[in-house]
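Using the sequences and the hints, build the whole thing.
Below, each chain spelled out in residue letters.
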Amino acid sequence: MADISPYTEARPSQAGKIALRWGLYLLLGLFAIFYLMPLFVMVMTSLKSLDEIRTGDLISLPREVTFDAWRTAWSGACTGIQCEGMRPYFWNSMLIAIPGVAISTLLGAMNGYVISQWNFRGANIIFSLMLFGCFIPFQVVLLPMARMLGMMGIAGTIPGLIFVHVIYGLGFTTLFFRNYYVSIPSELTKAAKVDGAGFFRIFWSIFLPLSIPIIVVTVIWQFTQIWNDFLFGVSFSQAGTQPVTVALNNIVNSTTGVKEYNVDMAAAIIAALPTLLVYVVAGKYFVRGLTAGSVKG
Amino acid sequence: MSPILEINNLFKSYGSTEILKDINVSIEEGDFLVLVGPSGCGKSTLLNCIAGLEPISGGALSIGGRDMTTVSPKDRDIAMVFQSYALYPTMTVAKNITFGMKVRGVDAATQAEKLAYVAQQLQIEPLLKRKPGQLSGGQRQRVAMGRALVRDPKLFLFDEPLSNLDAKLRVEMRTELKALHQRLGASMVYVTHDQIEAMTLATKIVVMKGGVIQQIGTPSEIYNRPANLFVADFMGSPAMNLIPAKTRSSDAGTHIEIARENDAPIVLSDSKNRDLPQDVILGVRPEDIADAAKLAGGEAQGAECLIDIVEPAGADTFAVMQLGGKHVTARLHSETTAAAGLPQKLTFDLGKASYFSPDTGLRLN
Numbered sequence: 277m278a279d280i281s282p283y284t285e286a287r288p289s290q291a292g293k294i295a296l297r298w299g300l301y302l303l304l305g306l307f308a309i310f311y312l313m314p315l316f317v318m319v320m321t322s323l324k325s326l327d328e329i330r331t332g333d334l335i336s337l338p339r340e341v342t343f344d345a346w347r348t349a350w351s352g353a354c355t356g357i358q359c360e361g362m363r364p365y366f367w368n369s370m371l372i373a374i375p376g377v378a379i380s381t382l383l384g385a386m387n388g389y390v391i392s393q394w395n396f397r398g399a400n401i402i403f404s405l406m407l408f409g410c411f412i413p414f415q416v417v418l419l420p421m422a423r424m425l426g427m428m429g430i431a432g433t434i435p436g437l438i439f440v441h442v443i444y445g446l447g448f449t450t451l452f453f454r455n456y457y458v459s460i461p462s463e464l465t466k467a468a469k470v471d472g473a474g475f476f477r478i479f480w481s482i483f484l485p486l487s488i489p490i491i492v493v494t495v496i497w498q499f500t501q502i503w504n505d506f507l508f509g510v511s512f513s514q515a516g517t518q519p520v521t522v523a524l525n526n527i528v529n530s531t532t533g534v535k536e537y538n539v540d541m542a543a544a545i546i547a548a549l550p551t552l553l554v555y556v557v558a559g560k561y562f563v564r565g566l567t568a569g570s571v572k573g
Numbered sequence: 005m006s007p008i009l010e011i012n013n014l015f016k017s018y019g020s021t022e023i024l025k026d027i028n029v030s031i032e033e034g035d036f037l038v039l040v041g042p043s044g045c046g047k048s049t050l051l052n053c054i055a056g057l058e059p060i061s062g063g064a065l066s067i068g069g070r071d072m073t074t075v076s077p078k079d080r081d082i083a084m085v086f087q088s089y090a091l092y093p094t095m096t097v098a099k100n101i102t103f104g105m106k107v108r109g110v111d112a113a114t115q116a117e118k119l120a121y122v123a124q125q126l127q128i129e130p131l132l133k134r135k136p137g138q139l140s141g142g143q144r145q146r147v148a149m150g151r152a153l154v155r156d157p158k159l160f161l162f163d164e165p166l167s168n169l170d171a172k173l174r175v176e177m178r179t180e181l182k183a184l185h186q187r188l189g190a191s192m193v194y195v196t197h198d199q200i201e202a203m204t205l206a207t208k209i210v211v212m213k214g215g216v217i218q219q220i221g222t223p224s225e226i227y228n229r230p231a232n233l234f235v236a237d238f239m240g241s242p243a244m245n246l247i248p249a250k251t252r253s254s255d256a257g258t259h260i261e262i263a264r265e266n267d268a269p270i271v272l273s274d275s276k277n278r279d280l281p282q283d284v285i286l287g288v289r290p291e292d293i294a295d296a297a298k299l300a301g302g303e304a305q306g307a308e309c310l311i312d313i314v315e316p317a318g319a320d321t322f323a324v325m326q327l328g329g330k331h332v333t334a335r336l337h338s339e340t341t342a343a344a345g346l347p348q349k350l351t352f353d354l355g356k357a358s359y360f361s362p363d364t365g366l367r368l369n
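Residue numbers (the working numbering), protein chains in the order written: chain F, 277 to 573; chain G, 5 to 369.
No lab work stands behind these hints, which were simulated from the structure alone.
Ideal Cβ placement from N, Cα and C applies to all residues, glycine included.
Among the hints, a few may not be true.
Simulated DEER-style distance windows between Cβ atoms [as the list claims (entries may be wrong)]: (1) F:M313 x G:D170: 54 to 62 Å; (2) G:V175 x F:G409: 26 to 34 Å; (3) G:A113 x F:I488: 29 to 37 Å; (4) F:A399 x G:G62: 20 to 28 Å; (5) G:A64 x F:V416: 49 to 57 Å; (6) G:G62 x F:A431: 50 to 58 Å; (7) F:G409 x G:T364: 40 to 48 Å; (8) F:K293 x G:A120: 17 to 25 Å.
Written out as structure tokens, the structure is:
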């Protein structure tokens, strides 16, 4: 009996622990449901027919699953007079986002490398000014930017939009890379200099291979920014070069007659899918990269 | 033959702060030059100036007889080992060692041959495929050395390469480094704040303080004839005893009088050094104050002193007493009878004594 008593004493606190654990799960589960509710409603609505939406409940499961709305949203929905669906605009967004992300990430890496590892006069001032660029509200720059794009002859084109996104992404990408590279000991650069490597060689052979985590962070950040952008997209595009966000707005706002909720929902999900995918695929690297500090050699 | 490294009137300043003032050093081929001094004395900056990693503000610098004052690091024919090892984290050990050759466009066969030779020299063959993150401190140190050795440069530069290692490994690597220097006959410049490292490795020591060279000399010159109070105090462990004293000349030589609290002054005589000023600071190494039985040389003189503290250190026992208002350490035999609080008969040997001016701190004899 004497042997058992410690266990019997421990039991209530053990039960308390389990209760606490389940309490936490319950709470977290409730929050998750709360956050997922809108997505759930969107997905369910997109799978219902218009009749069912009109007669049924907002959160009920579809009686009959139909992908008609998705088909229409992808290739048949009308934006004003054209009825091509989201498809052409989806590709526009890809054509803008992929080069935009690649160029701004590469330039940001180079900027961060120069500012953190090649001490030159005024490096800190330049960095502060670039940081300032992160906090400028985009509305402020719309008019000067429109004028500039016009002067450069790329107004209303996809290269023009890439240019705008690269410029306004640079502040953030530089910040990310600079903060990452600043923790790399300067002796590494010195050793490479003595070894005979030059500016680009050191960047390419030593710094870029070290940068995978921060590259992932920057790519996710930039892709999300560029893909989700509406203001620049609506301001600096013309018919044929509009990104997916603008197209979504046009589909939702320019329908005549019956409001096709199921098509709107499907279009919205299509517009959001790539960023969701990027998070799912690279999300864990995002957190890891943000928290990763020094590189221990 | 021209010196392998020659520095003339080198100045270095950041803005208005002068870091290095009028540095003049030259070493011959095969020399092991150690730059030593407390932190912030400018020794690492000087090394970076030699490497070309920091531009100099004035003066000239030549390596192997060629003027290198404005030449970029890669063309100076040097190799450098850093305190943090600075191994390229994403490359394997083999790639780390061959990176310099790859950058310079050396063909693959030569690279492999040199790599094999260096790996064998440093016994790092089993590590070649690993990344730096998978190595211990000592192994990283070897790889860093390998990266320097493979270059076969005119001049090796070491920036406190042993200070990140634990005490035991540090002593091992020190010996190994010395053996390596003897085997290769290479010219080396080595920065350290550890005066024991400086003494054991160097063929020539530069003691620095506040960006100014205090003394240049062989280890024995620095140890036995320090140029000023700073060098005397900095080099040697335990440090040289620096005791304020008064002198009195007579026909037999100089009498040196050291005041004591609550006791008659100790009077010692020195037959070699004459014409000393009245007030001096007497510098005596701890090993020149010993048990009465031990030292019996020509200049040995006995005196009885009250011992305050006894510190056994294995091979020796250090006894601390109060002379001339200063703590004075004597290096006694390990089986000494000295005990704290009791008087002990000690022998002073002034054969190697140094005298310094209390005003300027400079050496007088």
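The hints, checked one at a time:
Range check, F:M313 to G:D170: Cβ separation about 58 Å, and the 54 to 62 Å hint holds. Evaluation of the 26 to 34 Å hint for G:V175 and F:G409 yields a failure: the beta carbon distance comes to about 54 Å. Distance hint check: the CB atoms of G:A113 and F:I488 are about 32 Å apart, consistent with the given range 29 to 37 Å. The beta-carbon spacing between F:A399 and G:G62, approximately 25 Å, falls within the hinted interval of 20 to 28 Å.
At roughly 54 Å, the beta-carbon separation of G:A64 and F:V416 lies within the given 49 to 57 Å, and the hint holds. A hinted range of 50 to 58 Å for the beta carbons of G:G62 and F:A431 is consistent with their spacing of about 55 Å. At about 58 Å, the CB distance of F:G409 to G:T364 disagrees with the hint of 40 to 48 Å. At roughly 60 Å, the beta-carbon separation of F:K293 and G:A120 lies outside the given 17 to 25 Å, and the hint is violated.
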